[in-house]
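Colleague: Each chain, written out:
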Amino acid sequence: KQEVTQIPAALSVPEGENLVLNCSFTDSAIYNLQWFRQDPGKGLTSLLLIQSSQREQTSGRLNASLDKSSGRSTLYIAASQPGDSATYLCAVRDNYGQNFVFGPGTRLSVLP
Amino acid sequence: SAVISQKPSRDICQRGTSLTIQCQVDSQVTMMFWYRQQPGQSLTLIATANQGSEATYESGFVIDKFPISRPNLTFSTLTVSNMSPEDSSIYLCSVSVGTEAFFGQGTRLTVV
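So the sequences go chain by chain: A and B.
Counting from 45, one number per residue, gives the positions in the first sequence under our numbering.
Counting from 4, one number per residue, gives the positions in the second sequence under our numbering.
Incorrect hints may appear among the rest.
[Said to hold, decoys possible] Calculated pairs, SDA-like style, for lysine to any residue (alpha carbon to alpha carbon, straight line, at most 25 Å):
hint	chain 1	residue 1	chain 2	residue 2
1	A	LYS86	B	GLU89
2	A	LYS45	B	GLY43
3	A	LYS86	B	GLY55
4	B	LYS10	A	LEU91
5	A	LYS86	B	LYS68
6	B	LYS10	B	PRO88
7	B	LYS68	A	GLY85
8	A	LYS86	B	THR20
9	A	LYS86	B	SER56
10	B	LYS10	B	GLU61
Derived from the structure by calculation, the hints contain no laboratory data.
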């Protein structure tokens, strides 16, 4: 059974810092991995989708990498801003179904 | 991409009552997914809803408690029945378009 973990559980940084969020999964037979952002009490906003054959994806200040063999993905946020404060979730989809298995999330606070 | 409208966005309900959550998608999709997010937790899949057939429930979730309808390819409802305070959560519907997942804005349910 796929299990997804995220480190750290919470992170507080001053504005302008570059930061890395980590995601690990136990079964490397994944179809893809997706990073989401969730604001308090709200739904999920898709940030980046990485297919199993890809190594990384970039969107603006965000860069996500994938190392399928080691079961790891990282989300790099450059020049963080207070508006980046949210919970960041990674989710993996395996080769057998269409639903995702979610990690517990990293709660990010960017201080002005 | 997909735009998902979910209603209501929040509700406060009395224990023992039922609440039906609606999810409307702006395009036809084969499967719709319903998730629960308990306070401080990550997302857990409740069930997968296919049009024209009964929903498939994950372990720990039963149809009597969470009946689902899927009358057409753009709409689904989830009912939370005979509610107790333990049902207080955010409920989210989701679809996959291609290989990417999209989410509604969630329904924040508080049972008192």
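Colleague: Taking the hints in turn, state whether each one holds.
Modeller: Quick rundown of the hints versus the structure:
no.	hint	result
1	LYS86(A) with GLU89(B)	holds, 19 Å
2	LYS45(A) with GLY43(B)	holds, 22 Å
3	LYS86(A) with GLY55(B)	violated, 30 Å
4	LYS10(B) with LEU91(A)	holds, 23 Å
5	LYS86(A) with LYS68(B)	holds, 24 Å
6	LYS10(B) with PRO88(B)	holds, 20 Å
7	LYS68(B) with GLY85(A)	holds, 23 Å
8	LYS86(A) with THR20(B)	holds, 24 Å
9	LYS86(A) with SER56(B)	violated, 30 Å
10	LYS10(B) with GLU61(B)	holds, 23 Å
Checked against the numbered hints given earlier, the structure breaks hints 3 and 9 and satisfies all the rest.
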